[in-house]
Amino acid sequence: MSGVETGEAVAFFLLAPLSVIGALGMVMARNAVHSALWLVLTMLSLGVFYIVQAGPFIGMVQIIVYTGAIMMLFLFVLMLVGRDASDSVIETLRGQRVVAIVLGVGLAGLLGLGTYRATQGLAVTGLDEANKAGNVQGLARLIFTNYVFAFEVTSALLITAAVGAMILAHVERRRGERVGQAAKMRERFLPGNYPGPKAGPGVYATSTSVATPAKLPDGSPAPRSISPILPTRELTAAEKANKHTEGR
Amino acid sequence: MTPMWYIVLATVLFSIGAVGVLIRRNAIVLFMCIELMLNAANLALVTFSRINGTLDGQIMAFFAMVVAAAEVVIGLAIIMLIFRTRRSASVDDANLLKY
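Those protein sequence lines, which keep their order, are chains A and B. Just so we're aligned: 29 in the numbering used here is position 34 of the first sequence, and the numbers increase by one with no gaps anywhere. Just so we're aligned: 47 in the numbering used here is position 39 of the second sequence, and the numbers increase by one with no gaps anywhere.
Isolated chain A (complex conformation):
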């Protein structure tokens, strides 16, 4: 497996354009959620590349950690941030986009030419020898011998990150600001506040939408039966009229 076989070449030339398309889509998508989904495509292709290049463990870690955990975290935060997630297209610096693209093309050319010249005629050894006892076994032997210090430091890093995230997400409340159970109950039964559960939305023969308000006994829509963030669905005259079920 030192050289590149036909199957691998086919896989590469199928997936490499896909991963570049995913990267471009991520940069160009207006909506941040679309960006995240494009990035998932790129990361999945890279996971396949790792597996093809005799690294099944690192490929699986890529798919589980990156597309599984990290991208889900991104989507989670996007959902928390909400509608504001989409970007504005107005340039604050004039010509910034053009300059950035020129810089990017230049960087790609520089890096590509540099590595091409540096690695020209390089013999490809392949991982057959290193993977003889199995890829996971070979990696484990290296992690627990040559890289054992880095591995231990990693645990410190992960604990620090967990504590840091907890501190950043924590909202401090002083003792005085805390509302007790008795105060909550008093507020609930105060005049002007309805203590019971809110009514559900209306269920009609023509609509069971959550945006349809329920009707009060006098026929007017009940404002408490629908969520304030939903646009209220106006009832048509036919729906509003009383259904004459008697005598039919």
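A few chain B residues that face chain A, going by a derived Cβ cut-off under 8 Å, partial list only:
(1) L21
(2) E43
(3) N47
(4) R58
(5) I59
(6) I67
(7) A69
(8) M73
(9) I82
A few chain A residues that don't get close to chain B, going by computed Cβ distances all over 12 Å:
(10) R173
(11) R183
(12) N188
(13) S204
(14) G214
(15) P218
Just a sample of chain A residues kept apart from chain B, beta carbon distances all over 10 Å, derived:
(16) R168
(17) A177
(18) L185
(19) K210
(20) S215
Hints are computed from structural coordinates only; laboratory data are not their basis. Idealized CB from N, CA, C, for every residue including glycine.
With chain A fixed as given, assemble chain B onto it according to the hints.
The following block gives chain B in isolation, referenced to the frame of chain A:
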């Protein structure tokens, strides 16, 4: 085709990520571009591991993933904190130190 094609792909992906960092202004999308650059570096590491015939490159890619996971946790927590206080995730709005 030689494994060098993987390096070419890695440079292309890295450059796209760098351009994205320069032109996007949503902090979360910026973060995704940084993740893309880390991924491109990982691809280069795995490819060099294969060219050299040792597993050290794969170990380095593995450690890069661990560091990226920790970085994402802290970074997203900071972005959430900024969003909670400023009601915006745009990096152009976070200019309080400027004045």
